[in-house]
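Undergrad: Please arrange chain B on chain A, whose structure you already have, making use of the hints.
For the protein sequence lines, the chains are A and B, in the order given.
Under our numbering, the residues of the first sequence are numbered 1 to 357, in order.
Under our numbering, the residues of the second sequence are numbered 1001 to 1265, in order.
Hint data in this document are derived by calculation from the structure and do not stem from the laboratory.
All residues carry an ideal CB built from backbone N, CA and C; glycine is no exception.
Please note that a few of the clues may not be correct.
[Claimed, not checked] Some residues of chain A that are not near chain B, with every Cβ distance over 10 Å (derived): (1) 49; (2) 73; (3) 101; (4) 138; (5) 270; (6) 278; (7) 279.
[Unchecked claim] Which chain A residues face chain B? A few, computed with CB under 10 Å, are given here: (8) 103; (9) 303; (10) 310.
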Amino acid sequence: MPLMAGPLLEDIRWSEPTLPEHPLDAALEATVRAVFGGNVTIPFRYLGRVPWVAETIRDAFQPSWAELSPRLTSIGIFVVSQENSCRYCYGYARAALRIYGFGDAFITRVERDAELAEDDPRERAFIRFCRVLARSNPRPAHAERAELLAAGFSPLAVAETAYMVASYCQSNRVATLLAIPPEAELEAASLVERLWESLRRALTNGACAVPTVPDAPYSFMAKLLDGSPRARILRAHLHGAFTSPHLPLRSKLLIFAVVARTLGCQGSCAEAGRALADAGIEPRELERILATLTSPRLDAVEVGLLHWARDTVRYEPLEIQRQTRELRAELGDERLLEAVGTAALANGVVRLAMLGQ
Amino acid sequence: MNGAAFAALALAVMLAASAVLIGRMLRDGNLLRRRLAKATQDLERLQLAFSRFAPAELVDELADVRADLRAGKRDVAVLFADLKGFTTLSEQLDPAVLVDILNGYFEAMSAAIGARHGRVAKFMGDGLMALFGAITPNPWLAVDAVRAALDMHAALAGYNDSLRARGLPALSFGVGVHRGEVVAGVIGSRALMEFTVIGDVVNTASRVEGLTRLHDAGVIVTDAIQRDLDTRFRVRALPPQAVKGKAEPLRTYVVEGFQETSSGS
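Bound-form chain A, shown alone:
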């Protein structure tokens, strides 16, 4: 069945940034410059308060894939960002496609999900998979995976594609919830400027090392990416999220549980339940919390966090940005940024979990 695409760039309504700017520390900034060809793109101006969130955005753009080509990942972020109505990422990805030499006709066809019959059947299957997984309505499973395999993708390439969609869904949410301003100069770049940028990126784009870390909740999901360098990246992100001190571990696990419940992923719910049992919330209590999104054991701020987390799964950008600003008044800047990063990571991880179905 043909799919119709998400909204067009000019149709996405966007508010002012949710947080004031806060610079990265020098060491982290150096790693960002290494990945982004010497640049510190706009989102990083807002992520300095909580380093692990900045690292998740940085690593989404690391060039380290076992089987996915730069062409596919460029198309992937474009398609996923459109599906998630992320004004920042969609505009950035669209500009990047032009920098990398994709023609306007191709970009427009993908954007409008117009008939791609004359294009590569592998790319058609890839684009469809990206849209279906990003939407997760319903959650894709065996049939969608089989379609990619039939199109010639290896099991590892399918796993990396699912992780790519998950990580861009995550980045899109960080950018959307924080209302990151678009890269206006990049989007308006002339042909000469695009050629120069293309040359500069080809000469300078690199990667940065990601450390080996102990297990954290959901670390077992890295096994789905065995053979890919993204397995280590996923583990590092989970460890960073669950060991960061701004929000209690319980709150973060509850965010994951709510996102998992909203997306209908029993496996992801079960993992949250296991970890929450260790944190003092027994399964029955968790079920009551998930059924009502409240509990006498939770304070009012935590209850608000659960309702907000639910709405990060499917949203209209202006509305979720309004809700996030309200949450900022309750949490403060550091805790809000940690909440944004956690909800974004949860949305990514739960979508990745479809690989295990």
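TA: Chain B in isolation, oriented as in the chain A frame:
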């Protein structure tokens, strides 16, 4: 004119002619691109306008004639709301005033429903049907639907204040909510299609809304909804009610209020 001069002149003429041809091709190409862009914009404006008549997620499917429009079974909550005594009011008021009152009412109700993850599926005269969980699965559809019903009453109280301030009569209404499996999809003819749901659940929800007049209640829900409501909801059981078209009496409950639990740490 010698041969070299003639060759140079011929070359100049050919270059000039080529430049004209290339210029014309580029101009025609630009014209075609502009026309295509305008046609695309017109289609997108049509889709935007149409989205006012159907849930936005489904507008794209309706615009794409190749799309698979097969319906599917969904677990949904169905909410019916109907104004009381509006027929009498409609006979007393100027049509323009009547429509203005109705539109303001529907605007307020739609906002209350949308804020609780519901969608108005159709307006029927002075009534409306809203759905929860019809387009995207919703694990909290019963709670959302009942909270929406309560929010609708609060919103109507505010709207009535504005009506009274304008010297217009206040409105009152009843809400009925039921839950179950329906067939959901885009249904109709090529000339007119709508997203709707079909099934006994819809009929029952409508009947339950009708009970609000009998019991002078604001919100009545069925057993299927009540069992998903937690202790924050104040509910009162009604006597089993015989309902047209149903062999067994319907077990229903008045929802009298909602109190958020006090949170601890």
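Undergrad: All hints, please: hold or fail.
TA: A quick look at each hint next to the structure:
no.: 1; hint: 49; in the structure: holds (25 Å)
no.: 2; hint: 73; in the structure: holds (26 Å)
no.: 3; hint: 101; in the structure: holds (19 Å)
no.: 4; hint: 138; in the structure: violated (7 Å)
no.: 5; hint: 270; in the structure: holds (15 Å)
no.: 6; hint: 278; in the structure: holds (19 Å)
no.: 7; hint: 279; in the structure: holds (14 Å)
no.: 8; hint: 103; in the structure: violated (12 Å)
no.: 9; hint: 303; in the structure: holds (6 Å)
no.: 10; hint: 310; in the structure: holds (8 Å)
Of the hints listed earlier, those the structure fails to meet are numbers 4 and 8, in rising order.
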